[in-house]
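> Listed below, chain by chain, are the residues.
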Amino acid sequence: MSTVPKLTIKDLQVSIEEKEILKGVNLEVKGGEIHAIMGPNGTGKSTLAQALMGHPRYEVTSGDVSLDGEDVLEMEVDERARKGLFLAMQYPSEISGVTNSDFLRSAVNAKRGEGNEVSIMKFIKQMDKKMDQLNMDESFANRYLNEGFSGGEKKRNEILQLLMLEPRIAILDEIDSGLDIDALKVVAEGVNGMRNPNTGFLIITHYQRLLNYVTPDFVHVTMQGRIVKSGGPELAERLEAEGYDWVKEELGIEDETAEQQA
Amino acid sequence: MSVNTEQLFDRQIVTQISQSQEEPTWMLQKRLAALDEAAKLSLPKLEKTRIDRWNFTSFDPYRGEEALTTIDTLPENVRQFVSAEKEDHVFVQKNSSPVYQQLSADLKEKGVIFTDIATAAREHGDLVQKHFMTDGINPNEHRLAALHTALFSGGLLLYVPKNVAVELPFQALFWASGKGVGNFPHVLVVLETGANASIIANFVSDEDSDAVVNGAFEVFLGDNARLSVASLHTHGEETTEVAYRRTVVGRDAHLDWTVGDLNGGRTISDNTTHMQGSGSNGEIKAITVGAGEQRSNITSTFHHWGTHTETNIVARGVMLDAAQTILNGVTKIEKGATKANGVQAEKVLMLSPEARGDANPILLIDENDVQAGHAASVGKIDPIQMFYLMSRGLSRRQAERLVIFGFVGPVLDTIPFDSLRERITDVIEGKLSS
Ligand SMILES: Nc1ncnc2c1ncn2[C@@H]1O[C@H](COP(=O)(O)OP(=O)(O)OP(=O)(O)O)[C@@H](O)[C@H]1O
Ligand SMILES: [Mg+2]
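Protein chains in written order, with UniProt numbering: chain U, 1 to 262; chain X, 1 to 434.
These aren't lab readings, by the way, just hints derived from the structure by calculation. Hints may contain errors.
[As the list claims (entries may be wrong)] Below, computed lysine-lysine pairings styled on DSBU-like, alpha-carbon distance capped at 35 Å:
id	chain 1	residue 1	chain 2	residue 2
1	X	K380	U	K19
2	U	K130	U	K23
3	X	K162	X	K380
4	U	K10	U	K23
5	U	K229	U	K129
6	U	K83	X	K339
7	U	K154	X	K380
8	U	K23	U	K154
9	U	K229	U	K23
10	X	K339	U	K23
11	X	K30	X	K335
12	X	K339	X	K162
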């Protein structure tokens, strides 16, 4: 597709098990932009990510989401993915008996579509290259998907999928947690390598350390199930230095979690 | 053929079956004795599966077929189960009749026997008499064993002499075709000391077949012998299959059993192995996929008699639609079987809300100085796993397929025959997409 990707979220409200978590999120992410989402624990960051991807336990009760003008909420999970949405999960699933490479090849082919499958040789070459780039040992290709992977290995594997699938909009949920310093740099390089008008990023993180390597264009703060403040990279730096108290004070918020009624 | 309360089948018919094949007298006597018993014996008691209304007796007990001039006259969906290159060892049975046999002159010279039971009984009477329904399956175990003894037709003897190793697998194909047929093959495998061989048996039927299949498999492994044996069952939805398999394993012998219960119809599958000789080791891999309203009861059993015997049972069941399966695993360690080690794992994956499964691991241990372990699980496909896979663009069906093949992988990946692995994969694919 030649157009610049655009994800638009309008007044998104999401419940989990009847409990309202997101209470109206508005956000637009375009190709070439990097948005960081920060916020205290339990304020709805993962909820936003999961709802965008279509996680079965999260129920969208109101609002709109569109990708390149198409209604995302109408789409099945796999269709969202094939249209270019990608979520690197905070807690990726483990799937026994399915090798990483078989899975990845199926995913790459699903995106390319029937009749346009990648040759095995070409796929292996590509995967080898990306694994090399991420300092992943070759053995990970033939291990079962995430099974027995350490926390950091799982995160690296999520990034491997990101690099192989080249989505239009990539959502990374705490991709930096559990990564050692070297891995963090490698992952950041991976993201920076995809920093171009064909891809937009929504990066959920608690720490400035990732943002030191991947400078965001926009930083948003979530509290009580909403984005309560937005700014540039300097906002993240201030949060790192001072924490969230000043934001709460500024906005008159007492308990920041999503559970609290606003 | 209707059921008679006195006698389930006419003595006359049994006599005819035997005489038409010029069987020795002892075999006819054995058939007739079993026929008398069949009326008195009850059906086997199966864990959690009611079989009293299954059809075991209403079928045409003998349906003879013409021999094939070439194997290529078989319909493609049947033909595909065997490879019949010049060097291959092949046996094909249609309904009651062996219709095609192929064994290289080289193996014949080495003393290998691979022929139908009737011929074997005439030409190698002592060998057959020694092993046929004696130390393996007892004709009086229950009604179904007795019925098999009385009415069996066709089947084969595979005999591998001392220290003879055969590279290529022996292949057998049992095909039930047409309405109202019974298919009662008896497979007898005898490996002498130090022999080494493998055999793949395929049990198939036409898609619309309503065959009653009551086959038996008896295997005897001499000391130090090695055998890989696989039994693949792909009967149609309207069929009923009973499959009893018994193996007796000698000292330091090695047994590798694969059972693919991939029928569309009702299935009783029992695979019991006696680890008689010390130091022997055995493995049973069982895989089943159920669809529609199918019912199956699948049991894998190892009896440890010898010391230092080692066994492993790995069973996987995938249930679609409203199918139900009972997967039983039994590890029995007898008194005196010191240093024995038996492990087992049965798992059932259910893909629909109406599917049911049961995994029953049973350890029965009468000796202290042993090791044993078991694992079992029954579960539905995990929606979070599905979400993860679909979030990478895989359709629901593709994602399910990956999870299912991942689930059966521990069985499938260790099958020692490439062709069989591919065949089972195809059959599972077929079941998933219908
Ligand atoms: N199954 C559930 N039932 C009830 N509440 C839930 C459930 N799942 C999540 N929640 C609640 O939803 C809220 C938002 O959770 P979410 O995972 O979106 O937070 P987060 O901002 O990603 O936090 P973190 O920074 O810790 O990852 C939390 O208060 C959480 O406890
Ligand atoms: Mg989170």
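> Does the structure keep K229(U) and K23(U) at a Cα separation of 35 Å or less?
15 Å, holds
> Does K23(U) sit within 35 Å of K130(U), going by the straight-line distance between their CA atoms?
Violated, at about 39 Å.
> Check the hint pairing K339(X) with K162(X) against an upper bound of 35 Å on the C-alpha distance.
28 Å, holds
> Does the alpha-carbon distance linking K154(U) and K380(X) stay inside the 35 Å limit?
24 Å, holds
> Does the structure keep K10(U) and K23(U) at a Cα separation of 35 Å or less?
11 Å, holds
> Would you check the hint for K339(X) and K23(U), treating anything up to 35 Å between C-alpha atoms as holding?
Roughly 64 Å between the alpha carbons, so the hint for K339(X) and K23(U) is violated.
> Checking one constraint from the list: CA of K23(U) to CA of K154(U), max 35 Å. Satisfied?
This hinted pair holds, its Cα atoms lying about 31 Å apart.
> Given the proposed pairing of K162(X) with K380(X), does the C-alpha separation stay at or below 35 Å?
49 Å, violated
> Going straight from one Cα to the other, do K380(X) and K19(U) come out at no more than 35 Å?
26 Å, holds
> Keeping to a limit of 35 Å between CA atoms, is the pair of K229(U) and K129(U) held or broken?
With Cα atoms ~40 Å apart, K229(U) and K129(U) exceed 35 Å; violated.
> Measure nothing beyond the straight line between the CA atoms of K83(U) and K339(X); if it is 35 Å or shorter, mark the hint as holding.
59 Å, violated
> Below or equal to 35 Å on CA atoms is what counts here, so check K30(X) against K335(X).
Distance of about 33 Å is within 35 Å: holds.
Violated hints for the displayed structure, listed by number in ascending order: 2, 3, 5, 6, 10.
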